[in-house]
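For the protein sequence lines, the chains are A and B, in the order given.
Each residue of the first sequence is one higher than the one before, starting from 1 at the first, in my numbering.
Each residue of the second sequence is one higher than the one before, starting from 110 at the first, in my numbering.
Don't take every hint at face value.
Reference listing, derived: stretches of chain A covered by chain B, where coverage requires no fewer than 3 residues with Cβ under 8 Å from a Cβ of chain B [unchecked claim]:
id, stretch
1, 42–50
2, 98–107
Label pairs and their in silico Cβ distance ranges [unchecked claim]:
id, chain 1, residue 1, chain 2, residue 2, range
3, B, 127, A, 15, 47 to 55 Å
4, A, 5, B, 148, 26 to 34 Å
5, B, 127, A, 50, 35 to 43 Å
6, A, 16, B, 149, 34 to 42 Å
7, A, 8, B, 121, 29 to 37 Å
8, B, 125, A, 23, 25 to 33 Å
9, A, 58, B, 182, 32 to 40 Å
10, A, 58, B, 168, 33 to 41 Å
Rather than coming from a laboratory, the hints here were simulated on the basis of the structure.
Where is the CB? At the ideal position from N, CA and C, for every residue including glycine.
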Amino acid sequence: GQNIDQPTEMTATEGAIVQINCTYQTSGFNGLFWYQQHAGEAPTFLSYNVLDGLEEKGRFSSFLSRSKGYSYLLLKELQMKDSASYLCAVGEYGNKLVFGAGTILRVKS
Amino acid sequence: GAVVSQHPSRVICKSGTSVKIECRSLDFQATTMFWYRQFPKQSLMLMATSNEGSKATYEQGVEKDKFLINHASLTLSTLTVTSAHPEDSSFYICSARGYEKLFFGSGTQLSVL
Numbered sequence: 001g002q003n004i005d006q007p008t009e010m011t012a013t014e015g016a017i018v019q020i021n022c023t024y025q026t027s028g029f030n031g032l033f034w035y036q037q038h039a040g041e042a043p044t045f046l047s048y049n050v051l052d053g054l055e056e057k058g059r060f061s062s063f064l065s066r067s068k069g070y071s072y073l074l075l076k077e078l079q080m081k082d083s084a085s086y087l088c089a090v091g092e093y094g095n096k097l098v099f100g101a102g103t104i105l106r107v108k109s
Numbered sequence: 110g111a112v113v114s115q116h117p118s119r120v121i122c123k124s125g126t127s128v129k130i131e132c133r134s135l136d137f138q139a140t141t142m143f144w145y146r147q148f149p150k151q152s153l154m155l156m157a158t159s160n161e162g163s164k165a166t167y168e169q170g171v172e173k174d175k176f177l178i179n180h181a182s183l184t185l186s187t188l189t190v191t192s193a194h195p196e197d198s199s200f201y202i203c204s205a206r207g208y209e210k211l212f213f214g215s216g217t218q219l220s221v222l
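For reference, chain A alone in the conformation it holds in the complex (with noise of 0.2 Å):
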């Protein structure tokens, strides 16, 4: 079966670090993605992590262990519009994704 689970909704200042955590069972493994959507739009890739350790890219870093089924975001010195949706997704054989249900982030001033 497939499991992908992620906290609903989380706050955070402007200016400060924010980690969503993911955490993961599924019946394959091509890599973790981590998607950011705002409201009424597609989503945008963020990161992809196919071998365990750190990815940093900017502002986001994103960690895998894949021996833990374990994978955060890391969102550094937020800003107000990174408010958003970010979706943690596993890729599966032939390029399909399964997605977890999102984090809703809002940045407080």
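For this one, chain A is given, so just place chain B on it according to the hints.
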């Protein structure tokens, strides 16, 4: 710029009518495209995998006769919602793999009255 184009962005139609949504890969060829549906405040749910030149593969619980998928060329896949009903109102998004990434179209908000 966008590498996957999806049209229309918004459709309002009467119950019982059919609606066609197009998904185009703009600067790469996509033998496989994916169609997702997203209800308000929920995540994306894969509906079907569109395969160029062959039949689409539908996920469990998705009616293939209601959601017709055609992938006639390497750059175009279409999803037709036949005899749409209010419960079909949703955000439909296509995606295609290119340059080792999965790109999404801009989505289509379907509202059935």
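Status of each hint after checking the structure:
Requiring three or more residues with a Cβ within less than 8 Å of a Cβ of chain B, the coverage given for the stretch 42–50 of chain A holds, as 5 such residues are present. Interface restraint, the stretch 98–107 of chain A with chain B: holds (5 residues with C-beta to C-beta distance below 8 Å; minimum three). Taking the beta carbon of each, residue 127(B) and residue 15(A) are about 50 Å apart, inside 47 to 55 Å as hinted. At roughly 19 Å, the beta carbons of residue 5(A) and residue 148(B) sit outside the given window of 26 to 34 Å.
In this structure the supplied range 35 to 43 Å holds for residue 127(B) paired with residue 50(A), their Cβ-Cβ distance being about 40 Å. Remark: the range hint 34 to 42 Å for residue 16(A) to residue 149(B) is contradicted by a beta-carbon distance near 28 Å. For residue 8(A) and residue 121(B), the Cβ-Cβ distance of about 30 Å falls inside the hinted range of 29 to 37 Å, so the restraint holds. Between residue 125(B) and residue 23(A) the beta carbons are some 43 Å apart, a value that contradicts the proposed interval 25 to 33 Å.
At roughly 37 Å, the beta-carbon separation of residue 58(A) and residue 182(B) lies within the given 32 to 40 Å, and the hint holds. Evaluation of the 33 to 41 Å hint for residue 58(A) and residue 168(B) yields a pass: the beta carbon distance comes to about 35 Å.
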